[in-house]
Amino acid sequence: MELAPIFAWIYDLLISLGLSVALADLVSQIGLAVFVFSLLCVLALFLVWWERKISAHIQQRFGPMMTGWHGVFQTVMDALKLLQKEDITPTVADRGVFFWAPVIVFTCAFAAYIVIPFGKGLIVSDLNIGILYIIAITTFTIIGLMMAGWGSNNKYALLGGMRSAAQVVSYEVPLVLSIMGVVMVTGSMSMNDIVAAQSGWAGFRWNIIFQPLGFVIYIIAATAEANRTPFDLPEAEQELVAGFNIEYSGMKFAMFFLAEFVNMFTVSAIATTVFLGGWNGPLLPSWMWFLGKTLAMVFVLMWFRWTFPRLRVDQLMEFAWKVLLPLAFVNIIYVGVLALWLK
Amino acid sequence: MEAFTFYLFSFLIIISALAVVTMRNIFHCALFLILCLFSVAGIFVMLHAEFLAAVQVLIYVGAVSILIIFAIMLTSRLAGRDAPVVNEQFFLGGFMSLVLLFSLVYTLKETIFRVVAEPPAPQSTLRIGQMLMTDYVLPFELVSVLLLAVLIGAIVLARREGN
Numbered sequence: 001m002e003l004a005p006i007f008a009w010i011y012d013l014l015i016s017l018g019l020s021v022a023l024a025d026l027v028s029q030i031g032l033a034v035f036v037f038s039l040l041c042v043l044a045l046f047l048v049w050w051e052r053k054i055s056a057h058i059q060q061r062f063g064p065m066m067t068g069w070h071g072v073f074q075t076v077m078d079a080l081k082l083l084q085k086e087d088i089t090p091t092v093a094d095r096g097v098f099f100w101a102p103v104i105v106f107t108c109a110f111a112a113y114i115v116i117p118f119g120k121g122l123i124v125s126d127l128n129i130g131i132l133y134i135i136a137i138t139t140f141t142i143i144g145l146m147m148a149g150w151g152s153n154n155k156y157a158l159l160g161g162m163r164s165a166a167q168v169v170s171y172e173v174p175l176v177l178s179i180m181g182v183v184m185v186t187g188s189m190s191m192n193d194i195v196a197a198q199s200g201w202a203g204f205r206w207n208i209i210f211q212p213l214g215f216v217i218y219i220i221a222a223t224a225e226a227n228r229t230p231f232d233l234p235e236a237e238q239e240l241v242a243g244f245n246i247e248y249s250g251m252k253f254a255m256f257f258l259a260e261f262v263n264m265f266t267v268s269a270i271a272t273t274v275f276l277g278g279w280n281g282p283l284l285p286s287w288m289w290f291l292g293k294t295l296a297m298v299f300v301l302m303w304f305r306w307t308f309p310r311l312r313v314d315q316l317m318e319f320a321w322k323v324l325l326p327l328a329f330v331n332i333i334y335v336g337v338l339a340l341w342l343k
Numbered sequence: 001m002e003a004f005t006f007y008l009f010s011f012l013i014i015i016s017a018l019a020v021v022t023m024r025n026i027f028h029c030a031l032f033l034i035l036c037l038f039s040v041a042g043i044f045v046m047l048h049a050e051f052l053a054a055v056q057v058l059i060y061v062g063a064v065s066i067l068i069i070f071a072i073m074l075t076s077r078l079a080g081r082d083a084p085v086v087n088e089q090f091f092l093g094g095f096m097s098l099v100l101l102f103s104l105v106y107t108l109k110e111t112i113f114r115v116v117a118e119p120p121a122p123q124s125t126l127r128i129g130q131m132l133m134t135d136y137v138l139p140f141e142l143v144s145v146l147l148l149a150v151l152i153g154a155i156v157l158a159r160r161e162g163n
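In order, the protein sequence lines correspond to chains A and B.
No gaps in the numbering here: position 206 of the first sequence is 206 in the working numbering, and each next residue is one more.
No gaps in the numbering here: position 57 of the second sequence is 57 in the working numbering, and each next residue is one more.
Because the hints were derived from the structure by calculation, they are not lab data.
Small disclaimer: the values here were computed from a predicted structure and weren't measured.
Hints are not guaranteed to be accurate.
[Said to hold, decoys possible] Derived Cβ-Cβ restraints for the label pairs, each shown as a range:
hint, chain 1, residue 1, chain 2, residue 2, range
1, B, Ala63, A, Cys41, 38 to 44 Å
2, B, Ile59, A, Val34, 52 to 58 Å
3, A, Met184, B, Asp135, 20 to 26 Å
4, A, Val34, B, Ala71, 26 to 32 Å
5, A, Trp306, B, Ile59, 33 to 39 Å
6, A, Met317, B, Leu148, 19 to 25 Å
[To be verified] Where chain A lies over chain B, by a calculated footprint (3+ residues, C-beta under 8 Å):
hint, region
7, 25-38
8, 68-75
9, 138-146
Ideal Cβ placement from N, Cα and C applies to all residues, glycine included.
Same shape as in the complex, but just chain A:
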């Protein structure tokens, strides 16, 4: 069952209740924001549980088993525990910076969902700069991480923050270039246009078919952007204890933790929209296709994390600038030739 008609029905109901169009717009926008926000929070809790299960099964363990069916309520309990904990600010911390860092990271993680098409007609706002907006807004996360590193006044936190800054700035370049290939073929940066350009031909118009190199570059760079193994140097436990979030506890720690999992879902949702045909698919409703493809991408990222060892700092930088960047340029040239040939 498609969800878009239900939202349209609710909107019509608001109008028929006697609300003016401006007020109905406002109410439906706030309602939509609350809906997307709570959906993502539940999803993040699910992803934390799923990651623990996957890691356990890869390592031949069971993982959480006690609370609920196969421990499905474990992360809910963990979240409740974190909410009850004392909110500690270190005495030597830069109080303002320390307070705002998790707020910025948390807000930016959710801001990207304004332009993500969850299904047919299910998009909060179809900006004509869609994909560029996501790239721009996610750079704020890095500022939040650096603020956390600096504000904590702790050498491990500072090192973690600096590492993540260097890493994200380096991997941002191949990431943007790999997406640029798709924008060149589509001729638009709007997320709806990108999805529409991949419909039909029984799935053979998905961008991954024509640009497999672009997809591989995107996945590697996105793993680095989300700070996940094999690129999780900002929080390398053996060297940095915990990285930029070492001084955080309670609610603020939970905000960083949730934001990390929301970010992982974001990069997977972008991969789905840009390379895997978005919500296009037969039989099932569009939002199920979107969710299924995105969760499959999330599974791949989790699989990476629990099977690959971590890179060294110098390997990380050399890989970005000497391997991924030249490959991204090769991909751009190939896409340019392809686009001319298709015309």
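Put chain B on the given structure of chain A with help from the hints.
Then chain B, alone, in the frame of chain A:
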């Protein structure tokens, strides 16, 4: 609503710009610089220049400001110490600022801005791309060559001796 948003962004720009030059903690200055540049992007959005706004955030917040913060973090001499707000060049600097302010106000007063009644084209990004490839192709190519030269220069400078 539009007026309210405009005044909100203008207020943020002015307050954060003042904070950049008056704060004593240089890390806080950098953070207020980010807020200032972000508010300018907000003004761009109000003017229907979405592409410009996104690029403003991407380049200035995502690259320039991160480099500035990175430099502050790596410079142990600056870390955790109050930087002086004024130095011996106070009067010269103040004089130059006044000259700049005067010329800006004069220019804004004397220029006749062309005002169009119809709303701007919805596909401004498309138009920018077409203009860059047709009417303004020479400046575009010149900037590209300049950037290439800067890139090569950076690589030459960063290269280790003896390699």
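### Message
If you count the residues of the region 138-146 of chain B with a beta-carbon closer than 8 Å to a beta-carbon of chain A, do you get 3 or more?
### Response
violated (count 0)
#### Entry: Hint check for Asp135/B and Met184/A - Cβ pair distance inside 20 to 26 Å
21 Å, holds
### Query
Does the Cβ-Cβ separation between Ala63/B and Cys41/A fall within 38 to 44 Å?
Since Ala63/B and Cys41/A have Cβ atoms about 31 Å apart, the given range 38 to 44 Å is violated.
### Query
Taking a Cβ-to-Cβ distance below 8 Å as contact, does the region 25-38 of chain B have at least three residues touching chain A?
This one holds; 5 residues, not fewer than the three required, reach chain A with a Cβ under 8 Å.
#### Entry: Consistency of beta-carbon spacing, Val34/A to Ile59/B, with hint 52 to 58 Å
33 Å, violated
### Task
Could you tell me whether the CB distance from Trp306/A to Ile59/B stays inside 33 to 39 Å?
Taking Cβ atoms as reference, Trp306/A and Ile59/B lie about 36 Å apart, which means the hint holds.
### Query
Are there at least three residues in the region 68-75 of chain B whose beta carbon sits under 8 Å from a beta carbon of chain A?
Answer holds; 4 residues pass the 8 Å Cβ test.
### Query
Val34/A and Ala71/B, beta-carbon distance inside 26 to 32 Å?
Violated: the Cβ-Cβ distance is about 41 Å, outside 26 to 32 Å.
### Task
Using the beta carbons of Met317/A and Leu148/B, state whether their distance is inside 19 to 25 Å or not.
About 22 Å separates the Cβ atoms of Met317/A and Leu148/B, which means 19 to 25 Å holds.
Hint violations for this structure: numbers 1, 2, 4 and 9, all remaining hints satisfied.
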